[in-house]
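Work out the full structure, taking the sequences as your base and the hints as a guide.
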Amino acid sequence: MDFIEKARIMDSPRINRALARLASEVVEENHGAGDLYLVGIRRRGVPLAERMADKIADLEGDRPPVGILDITLYRDDLSTVGAKPIVNRTDLPGDIENRNIVLIDDVLYTGRTIRAALDQLIDFGRPRRVQLAVLIDRGKEHRELPIQADYIGKLVPTKKSEIIKVMLQEFDEEEGVRLATAASNGRFFCIFC
Amino acid sequence: MNFNRKHLLGIRELEAGEITHLLDTAETFRDISRREIKKVPALRGRTVINLFFESSTRTRT
Chain A
1 MDFIEKARIM
11 DSPRINRALA
21 RLASEVVEEN
31 HGAGDLYLVG
41 IRRRGVPLAE
51 RMADKIADLE
61 GDRPPVGILD
71 ITLYRDDLST
81 VGAKPIVNRT
91 DLPGDIENRN
101 IVLIDDVLYT
111 GRTIRAALDQ
121 LIDFGRPRRV
131 QLAVLIDRGK
141 EHRELPIQAD
151 YIGKLVPTKK
161 SEIIKVMLQE
171 FDEEEGVRLA
181 TAASNGRFFC
191 IFC
Chain B
1 MNFNRKHLLG
11 IRELEAGEIT
21 HLLDTAETFR
31 DISRREIKKV
41 PALRGRTVIN
51 LFFESSTRTR
61 T
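Protein chains in written order, with our numbering: chain A, 1 to 193; chain B, 1 to 61.
Watch out, some of these pointers could steer you wrong.
Unchecked claim - Below 30 Å or equal to it, Euclidean Cα-Cα: the simulated BS3-like pairs (lysine-lysine) are: (1) B/K39 x A/K84; (2) A/K84 x B/K6; (3) A/K154 x A/K140.
Just so you know, the hints here were simulated from the structure itself, not pulled from any lab data.
Structure representation (structure tokens):
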């Protein structure tokens, strides 16, 4: 699937400023860092969670633990995805029982990824509370489930034919958030956004 | 490296990358087997059938 880049939404400094603001909001809403437990989703949610944990440590002197969630086995579209899914390890240090969890992902689109993440968390235990922080929200009109973020880096209203690509130095050459559109008029699959 | 075969009927024809992929995937399932909830929803609605072509050496009845 070829994509034509349409716009650069954010560069690296803007990403980090947004994360700093999200860290402040999380700490303000939760009255400190004390009982926070950050959980990064899939690939790109994980470095975002690590950076937020660092920024929370800067603010409060306390670095919350960071877990990793691979939601591949909880997706509701496994039989329709073309390529065979690759499962990576889930790592939730300690117990999540009665914890105050902040889920972190790069893009919120249909909400199905977050639904899968919630189901997976519940299979590990019963958190006291789960909140959601995302770098980019693609707009409420795309939601296929009643799921919203508590903390949003940037709201970017998009069309279904568009895609938001978040690139982070941990995985990609250049860091930034880009808006792209499908190059041909071929069918567009947004794989589990 | 991904696993793109539809069937797995033996391991002789597998490439090293495919074997590694299967073992890596098995590791994640080992983690799941150590949790309290040892199931995931991935195969919900599917039927899994085990066929044994030779008598079991353990089962007596």
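Quick rundown of the hints versus the structure:
1. B/K39 x A/K84: Given pair B/K39, A/K84 holds - Cα atoms ~20 Å apart, limit 30 Å.
2. A/K84 x B/K6: holds, 10 Å
3. A/K154 x A/K140: holds, 13 Å
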